[in-house]
Amino acid sequence: MAENTTLFDYLNLFWFTVLPYIALFTFFLVTIQRYRGKGFTYSSLSSQFLENKVHFWAMVPFHYGILVVLGGHILGFLLPNQLLLWNSNPMRLYILEISGFVGGVFTLVGLINIIIRRLTDARTKMVTSAADWIVISVLLFQICTGLYTAIFHSWGSSWFAASMAPYLWSIVKFNPTIAYVTPLPLMVKLHIIGAFSIITLFPFTRLVHALVVPNPYLWRKRQVVRWHWDRKKIRTPEFKINK
Amino acid sequence: MDVRSQISMVFHLDKCIGCHTCSIACKNIWTDRKGTEYMWWNNVETKPGTGYPTRWEDQEKYKGGWEKLNGSIRLRSTGKSRIIPNIFHHPHQPGMDDYYEPWTYKYDELFTAPEGNDQPTARPISMVTGKYIDIEAGPNWDDDLSGSPVYAANDPNLKGLTEEQKMQLSAIERLVFFYFPRICNHCLNPSCVASCPSGALHKRGEDGIVLVDQERCRGWRSCIPACPYKKTYYNWQTGKSEKCILCFPRIETGQAPACFHSCVGRIRYLGVLLYDADKIEDVANLPSDELIDAHRDMILNPHDPEVIKAAKANGVHDSIIKSAQKSPVYKFVKEWGIALPPHIEYRTLPMLFYVPPMLPVMTSMDGNAKKNMCEGLFPDFEKSRVPMEFLANLFSGGNTGKVRYTLKKQMAVRQYRRAVTVGDIDMEAAKKMLVAADSSVEEAEGIYNLTSLCTFEERFVIPPANREEAIQMMQDPLEHKQSVGFGLLEDPERGA
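Going line by line, the protein sequences match chains U and Z. Residue 94 in my numbering sits at position 94 of the first sequence, and the numbers go up by one each step. Residue 1031 in my numbering sits at position 31 of the second sequence, and the numbers go up by one each step.
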């Protein structure tokens, strides 16, 4: 650091270098440890059973919305150049931007319904923990900053590829370069900080259910039979059949 | 031939007195924990009635079981093709109000109420929210309420009955009902297992008990709409599904399951059946009217040397084959053919069988004289109070012939035994009835013995668990009582 380092620089260093690594290490260590030691607690913790109507209007828009939004972010991270190429045609850029925005709005609508449901339904309240409220608050913050960015700092799908993707890759490569993010507007910075906060909180909250989505189900046999003994060993010797 | 063993059950409905002792025994052992208060792994229903959860047999609403589609079967609710759209919100999942909101009473108000002119009362409070509630439903809310326009008239099994038959069922002084105790059927083609995205639900290979692996369950809840009998339940506290475990910790230690053990009417039988697992898929796919026979054909004769040989080759322990040869379930289902599976049309191939009740009143009073409604040897089952169609909807997928067969045989056994003990019936006529009912003196004695004189050991022929061979069965069942009970090695603590 140069001699004229300001407090602002230290803050940038913390939010965009230290926090990401805290987030990533916590994420990997705690999710694995929790899965091994307290695997029982990995559950969707669904409350559909307790309240079956608002649940639809909360869960469906929220999950579909967040899948679109997250998918867009991951795409920008993994294939920045291809994304820029795609966006070279304004029509395609509009399509991408609008679908991302609609996804964000769906997420927000879903989350608002989640909040309403958890505040108003007496039974659902009983299974709402402090951790749930923390998750909901951070998600709300994240969606609001994200939607703000989408409106006021538009064409994010392009500038994400130019500034965010290299920044994220610099973190992955253990060579954090915050120069990519320091010039970004405040709301975008808040959005980045929010993202790493969510990753930090992730392993301690119900969000872990996203890690145990049932992908083998689609490829497995329909019925599941478990044997607790060795089917051959159980045979008593005198009845052994020679094939 | 893939011979496997299955612990199987017969409920003799003619003996059920509807006392709910089974339900209470089960509740006290397994479902007195938070989040399970509303669950009744064993419950007793009054039929005709709506049951628990309300109208569980209405698959238009709950979409349970399998349906035939383009020559093969698929889950009526959420199978592989619909797991992605449905995982966030299952459109057919019953909510708590389809069961009931569990409650207790605020007993301390009896002590803290101020002095007054009235008796203090303990008001009901919800066991979910802790707030005062008005109780509107319970697990046996239609108990004994046959003939009622709210409950009996809404029984889904009345489908296909004529208006006259329905009227007859609710007519004053003619109304009739019987009890229908239910537990998990531990099916051969369980739709709950097939619907479980996490692979937590599974059938134990050794004895066919269907279980939820609590460690693997992730609360995706597909099993709840998928089970047509509504015998998988969602624990709203732990976020996991739970179901009847056929008291496997008891079975493994040679004890009958709690609901069986406590049965006052001694209606329950438990024993091993050997079956051909190769046939499961084909049988589940057959046309509805062939299901009953094909299902029965899957069950193999444990005395047949070929079957024994195949069973041994397949790793079925000798002790289990021996146990299968003494199985009372085999006798009721296969030898005598008087026990039928519930709702075979759901295609899950249930392994719990019911002896249909001899409800039909065979005589009526004409003035002071007993009028026998007989045509030929047998009473006219068509004129019985419970329409054959109703019983057939329950026990044979609408095939009245199957139900009539079991009733005819039971009737013939009764007449024969009456000829033996009372002697007011001509023995020759009784024997003719036996022959006409596809039975014999020998078989009649067998049915009579196992129905009326059966001892504990005859009713429950529990196969040895061979625990020394089974790693997972080595755990001490009592160690986990109350805390969890079914194989968990950590506290069932709700995740954050």
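If you're looking for bench data, these hints aren't it; they were derived computationally from the structure. Heads up, the beta-carbon is just placed ideally off N, CA and C, and yes, glycines get one too. Careful, some of the hints might be misleading.
Stated by the list, open to error - When the alpha-carbon atoms are kept at most 25 Å apart in a straight line, the in silico SDA-like pairs for lysine to any residue are as follows:
(1) Z/K1131 <-> U/N113
(2) Z/K1063 <-> U/I116
(3) Z/K1131 <-> U/R222
Said to hold, decoys possible - Listed next, with one range per pair, are the computed distances between beta-carbon atoms:
(4) Z/I1135 <-> U/V225: 19 to 25 Å
(5) Z/D1380 <-> U/V54: 44 to 50 Å
(6) Z/D1289 <-> U/V225: 24 to 30 Å
(7) Z/I1084 <-> U/Y10: 31 to 37 Å
(8) U/I136 <-> Z/Q1119: 53 to 59 Å
(9) Z/E1067 <-> U/R92: 41 to 47 Å
(10) Z/E1290 <-> U/L24: 41 to 47 Å
Check: So which hints don't hold here, by number, going up?
Finding: 2, 3, 4, 5, 7, 8, 10
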